[in-house]
Amino acid sequence: MKIKIDKASCVGNARCAAVSPELFPLDEDGYIAVTEIDVPPGMEALARRGARACPERIIIVVED
Amino acid sequence: MNDVSTNSPVAQRPAHVTDAVTYDFDMFGDAAYVADPHKRILDLVKNAPPIFWTPRNGGHWMLMTHSANFHASRDTEGFSSEIVPQAMIKAMMAKMPPGSPHIPQPLPITIDPPDHTAYRMPLQRAFSPKAMLGLQKSIRELAVDLIEKMKAKGGGNFVDEVAEPMPVQIFLKMFGLPLERQQEYRTLVKEHMEGNQNHDPRAIVARMLKLTSIMRETVLERKENPQDDLISMLWQSEINGKPTTLADLENYCVVLFTAGLDTVVNGISHGVLHLAKNPDLQRELRANPEKIHGASEELLRRYTFTVPLRRIAKDLNFQGVEMKTNDRVMLFLPAADLDSSEYPEAERYDLQRQNSVHIAFGVGPHRCLGSHLARLELQIVYEELLARVPEFRLDPDKPVTYHGGHVVGPDAVWLRWN
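So the sequence lines, in the order shown, correspond to chains A and B.
So the first sequence is residues 1 to 64, counted in our numbering.
So the second sequence is residues 1 to 418, counted in our numbering.
I should point out that these hints are in silico values taken from the structure, not numbers from a laboratory.
Don't take every hint at face value.
[Said to hold, decoys possible] Some, not all, of what chain A presents toward chain B, calculated at C-beta under 7 Å:
| no. | residue |
| --- | --- |
| 1 | Ala8 |
| 2 | Val11 |
| 3 | Glu22 |
| 4 | Pro25 |
| 5 | Glu28 |
| 6 | Asp29 |
| 7 | Pro41 |
| 8 | Ala53 |
[Claimed, not checked] Label pairs and their calculated CB-CB ranges:
| no. | chain 1 | residue 1 | chain 2 | residue 2 | range |
| --- | --- | --- | --- | --- | --- |
| 9 | A | Arg49 | B | Asp280 | 19 to 29 Å |
| 10 | A | Lys2 | B | Arg140 | 36 to 46 Å |
| 11 | A | Gly42 | B | Asp397 | 49 to 59 Å |
| 12 | B | Arg140 | A | Pro25 | 23 to 33 Å |
| 13 | A | Glu63 | B | Val205 | 29 to 39 Å |
| 14 | A | Pro41 | B | Lys324 | 53 to 63 Å |
| 15 | A | Met1 | B | Ala91 | 13 to 23 Å |
| 16 | B | Glu217 | A | Lys2 | 25 to 35 Å |
| 17 | A | Met1 | B | Pro85 | 41 to 51 Å |
| 18 | A | Arg57 | B | Pro49 | 45 to 55 Å |
| 19 | A | Arg57 | B | His102 | 46 to 56 Å |
| 20 | B | Gly58 | A | Gly42 | 53 to 63 Å |
| 21 | A | Pro25 | B | Asp280 | 31 to 41 Å |
None of the values given here were measured: they were computed from a predicted structure.
Built from N, CA and C at the ideal position, the CB exists for glycine as well.
Produce the complete structure using the sequences and hints provided.
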């Protein structure tokens, strides 16, 4: 499973990181730091929840 | 503030506004709204068009659905935050006689990208989730202190006792302003909150000038002697590659003061009001404090309370509705978060909700800068209140009254307990 993020549209809600700071790292200003994440096995549910938590709807889960 | 619950005069309807999208609602004075805001919002969600124009308060659009608020908030070219265009403000400023006082503007709330981005950047790190963690301990100490003082009195008006003093003291602490002058700031916050009802620009400017004059001494002092506070940090920042000026600092003070204080006061008050009316929820959260985080989010959704303003910057057809340049638009976020196509049975306060992702802090580039601070303050107040005060309820002798406007909320929440 992969996560794709439209990083340019991130406005720093940080709701993804509130679900999982490991999966969704933020930069020093509180914006998402990455554009793509390989979801480690066992963290799929957290990844889905983190994606759903984004009020901007810019996090997309790409299922294998 | 029931004395203002009368509707404003009716403005003439512009030619491009059709009958089908016209609906009469006064967001400042509507009697049912001021009596019980979110009950009235649920009624509007059901009965008013999803996007409507009201002739009240000079005439403006109201966006009711989640979709309309979501898309308008993210389209800064169509929906401008420059209610008065910056070009016009600059032209007015240029005409002022030399030596006139700097008239502060609440930047970056009232500007669009790319300037918005430049002005917001220096604040972003100071209000990041990581920076907020550093404030957690002092917020908790303050909350405990205020709640214990109220508890010792055996009851009281929660708004005055806790909701209002708390954010003011956190503001002073973050800015590095002297706590001894707390009363002056609290008086200004009160004036600001009461001023929310009328939009006389001269009164707004007068309050802003009063604020910057109270702060000026500390602001200038920090330029010479930087400390570990927001004012010192902002002096060391750059905007578009240029060092910040006293005018920039004053703009920042004004924006954080006007946007960051009464909003938190109203947010906490809505939440505690709901808790006071729902002893079952109090019991559930007292027994399971780990549920308070989710409970706080659902309170934000159920009682979203801010109504940001936009100006149409170019003629457009928005979700089937014709809007013309310079039309004013209210992002009616409280209705967006009660949209049942997004949140089934939206009127229900539900801790088990599948979709609890609200837009109480807005979406798009103007997303509330202080949202991480606000979330922390809300959660800590709920935690400490539930841990320290026994089951509380509303005082039946002192009915709750509300105010409408851009920040909707209760004026007073009188609590009692046994």
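Taking the hints in turn, this is what the structure says about them:
no.	hint	verdict
1	Ala8	11 Å, violated
2	Val11	4 Å, holds
3	Glu22	14 Å, violated
4	Pro25	11 Å, violated
5	Glu28	6 Å, holds
6	Asp29	4 Å, holds
7	Pro41	25 Å, violated
8	Ala53	6 Å, holds
9	A/Arg49 - B/Asp280: 19 to 29 Å	27 Å, holds
10	A/Lys2 - B/Arg140: 36 to 46 Å	39 Å, holds
11	A/Gly42 - B/Asp397: 49 to 59 Å	56 Å, holds
12	B/Arg140 - A/Pro25: 23 to 33 Å	27 Å, holds
13	A/Glu63 - B/Val205: 29 to 39 Å	55 Å, violated
14	A/Pro41 - B/Lys324: 53 to 63 Å	55 Å, holds
15	A/Met1 - B/Ala91: 13 to 23 Å	55 Å, violated
16	B/Glu217 - A/Lys2: 25 to 35 Å	55 Å, violated
17	A/Met1 - B/Pro85: 41 to 51 Å	47 Å, holds
18	A/Arg57 - B/Pro49: 45 to 55 Å	25 Å, violated
19	A/Arg57 - B/His102: 46 to 56 Å	40 Å, violated
20	B/Gly58 - A/Gly42: 53 to 63 Å	57 Å, holds
21	A/Pro25 - B/Asp280: 31 to 41 Å	39 Å, holds
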